[in-house]
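Protein chains in written order, with our numbering: chain A, 5 to 281; chain B, 5 to 198; chain C, 5 to 198.
Some clues are possibly wrong.
Only some residues are given here: those of chain B computed to face chain A with a beta carbon under 10 angstroms [said to hold, decoys possible]: (1) I6; (2) Q48; (3) T126; (4) Y162; (5) V168.
No farther apart than 25 angstroms at their CA atoms in a straight line, the calculated lysine to any residue pairs in the SDA-like style are these [as the list claims (entries may be wrong)]: (6) K221(A) / P150(B); (7) K12(B) / N85(C); (8) K12(B) / A96(C); (9) K157(C) / T131(C); (10) K144(B) / K235(A); (11) K157(B) / F229(A); (12) K62(A) / E82(A); (13) K12(C) / D166(A); (14) K139(C) / N85(C); (15) K235(A) / K9(B); (16) K12(B) / T112(C); (17) K144(B) / H147(A); (18) K62(A) / A96(C); (19) K157(B) / Q194(A); (20) K221(A) / I265(A); (21) K9(B) / R113(C); (22) K12(B) / Q30(C); (23) K9(C) / E78(C); (24) K12(C) / Q52(C); (25) K157(C) / V239(A); (26) K12(C) / D56(B); (27) K157(B) / V239(A); (28) K157(C) / Q30(C); (29) K221(A) / K9(B); (30) K221(A) / R255(A).
It is worth saying that the hints were derived from the structure and are not from the lab.
In this text, a Cβ means the ideal position worked out from N, Cα and C, and glycines have one as well.
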Amino acid sequence: MLEPPVTEQHSLPLGFVRGEPMFDRPDDLYIPPEALELMLEAFSGPMDLLLYLIRRQKMDILDLPILPITKQYMEYVELMHELKLELAADYLVMAAMLAEIKSRLLLPQLASEEDEELDPRAELIRRLREYEVVREGAQQLDHQPQQERDFFVGSAFTDAQDIAAQEPPAVTLADLSLALARVMQLVKAQAHHQVMREALSTRERMSRVLERLSQVKRLDFVELFDVSEGKAGVVVSFLAILELNKEGLIRLIQAEAYSVIYVSRYEQLAQEETPAL
Amino acid sequence: MISDKQLKQIVEAAIFAAEQAVTVDQLLSGALANFSLNRPRIRQVLDQLQDDYRERGVQLVEVASGFRFQTRAELGPALANMWPERAPRYSAALLETLALIAWRQPTTRGEIEAIRGVSVSTQIMRTLQERGWVKVVGHKEVPGRPALFATTKEFLDYFSLQSVADIPALAEPPEPDTRERDMIEVLNSENGTN
Amino acid sequence: MISDKQLKQIVEAAIFAAEQAVTVDQLLSGALANFSLNRPRIRQVLDQLQDDYRERGVQLVEVASGFRFQTRAELGPALANMWPERAPRYSAALLETLALIAWRQPTTRGEIEAIRGVSVSTQIMRTLQERGWVKVVGHKEVPGRPALFATTKEFLDYFSLQSVADIPALAEPPEPDTRERDMIEVLNSENGTN
């Protein structure tokens, strides 16, 4: 049990005891309690300790030397027990397993000793091999470049999100409808504006007439009517023209009785009458 | 000693990795703490980096709080597509203004303000026009010649409407007494039609 | 049409500006949505960018969830001086648990404990999930219906991996007889790893 330590396995110190780096678990009979504590913390569990003991024997897991390993393992566990280390319970489960395997190996061998299935060590060997993969994987993972330890993700400031925020928001008809209901309530409360469904299409038609007049100087009155809209449409146009006239937004001109009635925007006419500056 | 190349790499990486703009002092006391370097040398490296990135998609800029990399200004619209669902909602004031214009068009800003009882912000009027929902169809011949606003065909198309009269809230007939009075008002409108 | 130079600038800026790694598809449907481009052309631009940055302080790297710029690994120690609080250290127990989940996923806490020979601390499982490295992808149909854990793309990204197979020890799948795959019902089939 005083084998030379296998230092290649752990190039980093396990820890520091009174400022001195510890590169391997001490194999001396005397282990300072604080060193042992540190040492046991360096094992991630009983499988790790077991694997370490096997490696220290320079043995293959497949030849699991159960007798010496069990002996050494028990010594560690007893030390842990004395130190009342918290992890002891998990280590005791392993100790019981090792003891069971040992006792089965000590029983007289039956004829089929070649059969691996009956080797009481088989299950433990399988678990050790699996654990070895995991431990190796964990070490390789630790050697991978890690974000915030070995590298940082680069980023650049951008105003693109603000531009994205300028994308026009969507509005539903329900939103608009609600807004309209609110303003209609307001108008009702004020009670001096007309609240009329029909007025709406009239007002809209007023806009269209004004819009057309913004492109041409004047229009023949009849051009403002579209017979294909039917009687209702003609009435709406007529009401719109009357309302525009009433509001002083357009002017209706008829040179003589029964001649063509022209419609023009009030302002355009005003401009015509005033000499250009 | 540190080579120019290494120094440039560290400065570049530190600025890219930082969440905020980085000052020369932060570089000197942070990433470059193990080298004895002076401020002019760092400035020089920053100048070189600015040159290196001049034609690239990101650029090294000095802002009030230090140096940072930022995306080229011209790329903003293309990059904005990376964040598609950012659009905020319109305010109630904007929607009410829109509804009022739809309803009372052609109308002036003054009339809208009179009904809503608050002033209508220029921003709202600009937004509605930029969106193509509202436009100026003329001017009212009163002092100041205020613009007359009306809704557009784009507005109707956006809401799949044939006419503003199709806006659901309008389908609700007003209370009879109001309706009657309004009817009279329309019919009485000046030259005594019908 | 878009010039090679413009295209490269947009791709470069988009990757730098994004908060996460960016895939070719995200580029095509986002920043490049207004151009008709195909995947090979984008790949080519990405290759060029990788070349451009080969000697720089940041590099264009492909990780599990896409492309991102990250600082050169050699600069880690210098950069760590800028943000000493950012660099966490992970215990052997945590790394072993993580390696085990990566290797045998989807797997239960019970299986992890059986292999490691120790009880897995709740703290470790919580840390792994809070970091977004491990998530529950379903439940095993055995009494108690224990949660099945799997690793995520974030895990791969954090360790600069494209797949678990990039870790040599974990590249070989576990022996089939130990897996009892047929008993496992993965509710969430896409865990995006491996």
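Hint check results:
Annotation: I6(B) was flagged as interfacial toward chain A, and the flag is violated, the nearest CB pair being 19 angstroms apart, outside 10 angstroms. Restraint check, Q48(B) versus chain A: the minimum CB separation of about 22 angstroms is more than 10 angstroms; hint violated. Hint status for T126(B) relative to chain A: violated, with the closest Cβ pair at about 17 angstroms, above 10 angstroms. Taken as an interface hint, Y162(B) checks out: its beta carbon lies about 8 angstroms from the nearest beta carbon of chain A, inside 10 angstroms.
With its C-beta approaching chain A no nearer than about 5 angstroms, V168(B) sits inside the 10 angstroms limit, and its interface hint holds. Restraint check for K221(A) and P150(B): the C-alpha separation of about 20 angstroms stays at or below 25 angstroms, so the hint holds. The suggested pairing of K12(B) with N85(C) holds, with an alpha-carbon distance near 16 angstroms, which does not exceed 25 angstroms. About 36 angstroms separates the Cα atoms of K12(B) and A96(C), which puts this hinted pair outside 25 angstroms; it is violated.
Between K157(C) and T131(C) the CA atoms are separated by roughly 16 angstroms; this keeps the pair inside 25 angstroms, and the hint holds. Using a Cα cut-off of 25 angstroms, the hinted pair K144(B) and K235(A) is violated, with the two alpha carbons roughly 30 angstroms apart. With a CA separation close to 19 angstroms, the supplied pair K157(B) and F229(A) stays within the 25 angstroms bound. Note on K62(A) and E82(A): the hinted pairing holds, with a Cα-Cα distance of about 24 angstroms set against a maximum of 25 angstroms.
Annotation: proposed proximity of K12(C) to D166(A) holds, straight-line Cα distance about 22 angstroms (limit 25 angstroms). Straight-line distance between C-alpha atoms of K139(C) and N85(C) comes to about 32 angstroms, which puts the hinted pair past the 25 angstroms bound. Taking the CA atoms of K235(A) and K9(B), the gap is about 84 angstroms. The hint is violated against a cut of 25 angstroms. For the given pair, K12(B) sits about 48 angstroms from T112(C) by alpha-carbon distance, which is inconsistent with the 25 angstroms threshold.
Proposed proximity of K144(B) and H147(A) is contradicted: the alpha carbons are some 78 angstroms apart, above 25 angstroms. With a C-alpha separation of about 23 angstroms, the suggested pair K62(A) and A96(C) falls inside the 25 angstroms cut-off, and the hint holds. Proximity of K157(B) to Q194(A) is assessed by CA-CA distance (about 30 angstroms); at most 25 angstroms being required, the pair is judged violated. Restraint check for K221(A) and I265(A): the C-alpha separation of about 14 angstroms stays at or below 25 angstroms, so the hint holds.
For a cut-off of 25 angstroms, the pair hint linking K9(B) to R113(C) is broken: about 49 angstroms separates their Cα positions. At roughly 31 angstroms between alpha-carbon atoms, K12(B) and Q30(C) are farther apart than 25 angstroms, so this suggested pair is violated. Between K9(C) and E78(C) the CA atoms are separated by roughly 30 angstroms; this puts the pair beyond 25 angstroms, and the hint is violated. About 8 angstroms separates the Cα atoms of K12(C) and Q52(C), which keeps this hinted pair within 25 angstroms; it holds.
For the hint pairing K157(C) with V239(A), the CA-to-CA distance comes to about 68 angstroms; that exceeds 25 angstroms, so the pair is violated. Between K12(C) and D56(B) the CA atoms are separated by roughly 15 angstroms; this keeps the pair inside 25 angstroms, and the hint holds. For a cut-off of 25 angstroms, the pair hint linking K157(B) to V239(A) stands: about 21 angstroms separates their Cα positions. Distance hint between K157(C) and Q30(C) is fulfilled; the C-alpha atoms sit about 16 angstroms from each other, no more than 25 angstroms.
Between K221(A) and K9(B) the alpha-carbon distance is near 73 angstroms, which puts this suggested pair outside the 25 angstroms criterion. A distance of roughly 12 angstroms separates the Cα atoms of K221(A) and R255(A); the hinted pair therefore holds under the 25 angstroms criterion.
Hints 1, 2, 3, 8, 10, 14, 15, 16, 17, 19, 21, 22, 23, 25 and 29, counting from the list given before, are not met by this structure.
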